[in-house]
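Student: Those sequence lines, one after another, are chains A and B. Numbering of the first sequence is given in our numbering, commencing with residue 12 and proceeding in unit increments. Numbering of the second sequence is given in our numbering, commencing with residue 90 and proceeding in unit increments.
By construction, these hints were calculated from the structure, which means they are not laboratory data. Computed from a predicted model, the values in this text were never measured in an experiment. Keep in mind that the hints are not guaranteed to be accurate.
Below, a list of computed lysine-lysine pairs in the DSS-like style, where the Cα atoms sit at most 27 Å apart [as the list claims (entries may be wrong)]: (1) A:216 with A:54; (2) A:473 with B:100; (3) B:216 with B:100; (4) A:216 with A:319; (5) B:254 with B:100; (6) A:473 with A:219; (7) A:473 with A:126; (8) B:216 with A:219; (9) B:239 with A:54; (10) A:309 with A:216; (11) B:216 with B:151; (12) A:126 with B:151; (13) A:219 with A:54; (14) A:54 with A:309; (15) A:309 with A:319; (16) B:254 with B:151; (17) A:126 with A:319; (18) B:254 with A:219; (19) B:188 with B:100; (20) B:239 with A:219; (21) A:383 with A:219; (22) A:322 with A:309; (23) B:239 with A:216; (24) B:100 with A:216.
What follows is the residue order along each chain.
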Amino acid sequence: MSATTSNETAAPDLSAIARPPQVLNNRGPLWVTDAVCSIVEGKTPLWWYAAISVSGAFAAIGGACILYMIVTGVGVWGSNSPCFWAWDITNFIFWVSMAHAGSLISALLFLTRQKWSISISRAAEAMTVFAIVCAGVYPAIHIGRVWFVWFLFPVPNSYGMWPNFSSPLLWDVFAVTSYLTVSSLFWFAGMIPDLAVLRDRATTKVRKFAYGLVSLGWLGTARQWRHFEMMYVLLAGLTSVLVVTVTTIVASDCATSVVPGWHATIFPFYFMVGAVYSGSATILTLLIPLRTIYPQLKELITPSHLDKVCKLLLMMGSCVAYVYVFELFNAWYSANPFERGAFWERFTGSYSWYAITCLSINLTIPQLFWFKAVRRCLPLVVVLAILCNVGMWFERFMIVTTTLTRDFLPSSWGNFHPTIVDILTATGTVGIFFTLFLLFIRFVPIVNMSELKAALPGSQPKHSTGEGH
Amino acid sequence: MSHHLPICGSKEEPLHAIGARFDTPDQLLAAVNRLRAEGYSAYECYTPYPVHGLAEVMRLPKSLLSFLVLGGGLTAILIALSMELVPSTLIYPLVVDGKPLNLSALPQYVPIVVALTLMIGAIAAVKGMIILGGMPRLNNPMFAWDLFAKDASRGFFLAVEADDKKFTTAGVTELLDQLGAGDVTAIHLEEESK
């Protein structure tokens, strides 16, 4: 022990380059447990009922619209020749992309030992799962005759028909299915020890039973932790691959076609950086108000953590800006009249205001995050982050719809107008997302307690090998 | 000493273990070291978060999970490739845009292989963790101990099990007392858990 003390005094002063604390005010593990569990265990606040009524109403209206669409036909949407993909695929790409930042934060930053991501990883994973659920609403229903959805899967059938495995649309089915499965498993499995804490602390029989069931009898034995830690590393490794592959495959839907404006090798990168950009914006949009509502979270999700998410948003936003410029350059430099025409049409045609809104938001708003004063002004960050997502939605619309409405032949040009069913289905997915997130806040620990406690200063033994001590 | 030991569970049922609580992970590691030195082998540690070095001190083997995931992933590759190639080349060769369908077109089969490998690998990881960790098991003799069952996150728990060859109530209690353990308790089985 005396040797350790003399080492500490002899060490140079490293405070200038020390990492910012994981949890403010030197809080210990017991405080972390109480702070996180109190959100779930406290009385359901009134604002929660109000919020879930609103989001639930939107979700229910969206569900009714989907039912109406199924019994009537896709004609109730504005999609029609030549624009067979419109808000359905726009929203699908918007949601599935948003999911990616959650995987990046929880898996890639875990593998690279970026400990600051621990406090926000659980909420980011939840955002991932819920965004994929919202995305998953569209692929099945946009095919029109929903009862034929099983055609998407290679099921042996009496017609002897099989799907076309060289089609990126089929790759999509597998990519999104595996993304939903893997990210849900990662989210749930990482939560088991924390659910066991809620089980132990439960005061009513119903809660004890429910949390007991979902925590699968976790006890925190050394053997269980050994397997758990191995599983977490493996799952993080698998999920990190998904950060790159899923939007890449979604981008192939467009890029492998010959349509001008889509047929570009930069598309996978374009979709991926846009994905992490909009996801980082969503994390900021969700977490900053949550910190205000539950003040104890301010010490767990510190300004330094949010600052880092802002920097991630800035970096990805800059990549998006690069792609916009490069795409325009490529259209000009290729000297392909159709490619040039597609981009000229994008900025001067019927949908020019979509393209102008998209570019003016995505080229300017993220660049404001260069300034520390902006990153530290949290209400402003929320407003800017919401704007970023608006910009991203316009970008997805610009890519999907404006390209389809202006094909090679002027005779096959046409415009798309959303119907009320289109609009209410889209707001319905927003309702589904917020309803799921509100349920998440209320019933599940929103911060990964066990991982955070293990990373707190002083929580690990001083002599960790045990050999010869 | 032993007759002062608090008892939980049902007195008529056999003794399951003697449990103890430590305040710091260092104390727990020291206790495990001592138990090993004394020749005990049937004991278990319960911690609120993974404690570095505990598995090494307990001489736990490396988790087999990585092999399970590797096996799952390799199986997935085989399943995915046969699922794609058998219909595309043998039973339903569908030529679209003049694209080839045989092995020369292998890259077009890669995305689905990747997706399925990740999915089945992840399922193997979670299922493996649950099964290797002895779960799901909704009852456990340890739950008879109120201090542990109500607030396992408030300490570092150790249970020396009664089926250890060296186990004597007096010996274990004295050893735990020497190690500075708190709340040393005799955990009996509950009637329902039989």
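Student: Each hint should be assessed against the structure and marked as holding or not.
Tutor: Now the hints, each set against the structure:
1. A:216 with A:54: holds, 16 Å
2. A:473 with B:100: violated, 39 Å
3. B:216 with B:100: violated, 37 Å
4. A:216 with A:319: violated, 41 Å
5. B:254 with B:100: holds, 22 Å
6. A:473 with A:219: violated, 35 Å
7. A:473 with A:126: holds, 20 Å
8. B:216 with A:219: Holds: residue 216 (chain B) and residue 219 (chain A) sit about 23 Å apart, inside 27 Å.
9. B:239 with A:54: Within the cut-off at roughly 20 Å; holds.
10. A:309 with A:216: Cα-Cα ~32 Å, so violated.
11. B:216 with B:151: holds, 17 Å
12. A:126 with B:151: Given that 27 Å is the threshold and the Cα spacing comes to 24 Å, the pair holds.
13. A:219 with A:54: With Cα atoms ~17 Å apart, residue 219 (chain A) and residue 54 (chain A) stay inside 27 Å; holds.
14. A:54 with A:309: It holds: about 20 Å lies between the C-alpha atoms, which stays within 27 Å.
15. A:309 with A:319: OK: residue 309 (chain A) and residue 319 (chain A) at ~15 Å, within 27 Å.
16. B:254 with B:151: holds, 25 Å
17. A:126 with A:319: OK: residue 126 (chain A) and residue 319 (chain A) at ~12 Å, within 27 Å.
18. B:254 with A:219: Between residue 254 (chain B) and residue 219 (chain A) the Cα gap is close to 36 Å, so the pair fails against 27 Å, i.e. violated.
19. B:188 with B:100: violated, 76 Å
20. B:239 with A:219: holds, 10 Å
21. A:383 with A:219: Violated, at about 46 Å.
22. A:322 with A:309: Holds: residue 322 (chain A) and residue 309 (chain A) sit about 19 Å apart, inside 27 Å.
23. B:239 with A:216: holds, 13 Å
24. B:100 with A:216: Holds, because 25 Å separates the two Cα atoms, which is no more than 27 Å.
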